[in-house]
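Novice: The chain contents come next:
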Amino acid sequence: MECLLGIKGRDFVLMASDCVVSAHGIVAMKKDHDKMFKMTDSLVMSVIGHGGDDVQFAEYIAKNIQLYRMRNGYNLSTKEAATFTRRNLADYLRSNTPYSVHLLIGGFDREEGASLYYMDYLATSTKVPFAVHGYGAYFTLSTMDRYYHDDMTQKEALHLLQRCIDEINTRFVINMPTYKIRIVDKDGIHDLDDMKPTGSGGSQGPESMVG
Amino acid sequence: MSIMSYNGGAIMAMRGKDCVAIAADRRFGIQAQTVSMDFDKIFEMGPRLYIGLAGLATDIQTVSERLKFRVNLYELRENRRIKPKTLLSVVSNLLYERRFGPYFIEPVIAGIDPLTLEPYVASCDLIGCPMVAKDFAVSGTCSEQMYGMCESLWVEDMTPDQLFEAISQALMNSVDRDALSGWGAIVHIIERDRVTTKTLKTRMD
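Here the protein sequences come in this chain order: V and Y.
Numbering of the first sequence is given in this note's numbering, commencing with residue 1 and proceeding in unit increments.
Numbering of the second sequence is given in this note's numbering, commencing with residue 1001 and proceeding in unit increments.
To be clear, the hints were calculated from the coordinates, so they are not data collected in a lab.
Keep in mind that the hints are not guaranteed to be accurate.
As the list claims (entries may be wrong) - DSS-like cross-link-like pairs, simulated, lysine-lysine; straight-line CA separation at most 25 Å:
1. V/Lys38 - V/Lys186
2. V/Lys79 - Y/Lys1068
3. Y/Lys1085 - V/Lys127
Claimed, not checked - So these bits of chain Y aren't anywhere near chain V, every CB distance computed over 10 Å:
4. Gln1061
5. Glu1065
6. Glu1097
7. Gly1101
8. Glu1156
9. Glu1191
10. Arg1192
What the hints assert, rightly or not - Quick look at which bits of chain Y chain V covers, simulated, 3 or more residues with Cβ under 8 Å:
11. 1114 to 1128
12. 1171 to 1184
Using N, Cα and C, we set each Cβ at its ideal position, and we do this for glycine too.
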């Protein structure tokens, strides 16, 4: 019932997550919950999962990444953080206490630039240009395939994200009124205003795609 | 829902005259949904030794990491490159250690022996039963299609160019008939003195 989105632009990663917490099945307990966790100054992880797994796992990874920074004096790169996260998730998978979490890791480093990693609950990790977790994927991946290109500017990425959110709002049965947005670039993590679906229902026509 | 067909995928290796080729599709999907089109399933274990892994994607990544670890230690201890048939034994051991809770992958090995320069193709099942092939080895969700294509197209003693043609056509036409495999293919042709890597465009669906 939850949704995470990520889009990699030319030198930034745009991360978006819905804000609904439905801890007891049909009840929306909270509609302004932040599902993203700051790992380092230029690394963000967004997580969804069952029970308390999402927060427990994300905090565990975040603290270990900070520990690495304290011990060694420099941050893990995005790829290294993703590999570390994958290794932990894979080790827990075949233990008595597996974590059931889906995550997106978005970060910026000087060598690689912006990178976005998709990881599912089985600990399969892959670097992708854009990604969606949850039922929202069924409604938005095609839109992303159509309008995404390498080298997107922030404005284009936000426009694409708005299209996706509008589509989810139109066609997905669960109501997700707000999305938290963050951008990770060379200057760090920037919180943007929450994005809400506009009334236009996702189909804005090709001519409305601003360059 | 079978665990081996949760992510989908296809690997194929063929033996030629003084050369081997190994090929794989590039799709990473979760049941019907495709997530990425550049997922690597073939890993280099030596300058002329490659292993392809088909099955559950997380185990593909875990086994390739653990195997590389074992091969690195082997090469440090022995101070030489690992032979293809030794790699087969290492893989078999790694998989059988998990006999009652296995890794859900079926590996295919293709390489050239560093000393004798013999081409070598082999495969295992998910619990490590080794099988050395004199012609070809396949593994994946479209294995039946791949067996059919390989049986028709493989001939003995193919040159590298002929081998590339044969393995490309065999893999392409097999994955085009499988919903869970495809979205492009990658082929490595391994000869005594070089490795050539080519990508193929299959049906992009």
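Novice: Work down the list of hints and note, for each, if the structure agrees.
Specialist: Taking the hints in turn, this is what the structure says about them:
| no. | hint | result |
| --- | --- | --- |
| 1 | V/Lys38 - V/Lys186 | 15 Å, holds |
| 2 | V/Lys79 - Y/Lys1068 | 18 Å, holds |
| 3 | Y/Lys1085 - V/Lys127 | 33 Å, violated |
| 4 | Gln1061 | 6 Å, violated |
| 5 | Glu1065 | 8 Å, violated |
| 6 | Glu1097 | 12 Å, holds |
| 7 | Gly1101 | 7 Å, violated |
| 8 | Glu1156 | 38 Å, holds |
| 9 | Glu1191 | 30 Å, holds |
| 10 | Arg1192 | 33 Å, holds |
| 11 | 1114 to 1128 | violated (count 0) |
| 12 | 1171 to 1184 | violated (count 0) |
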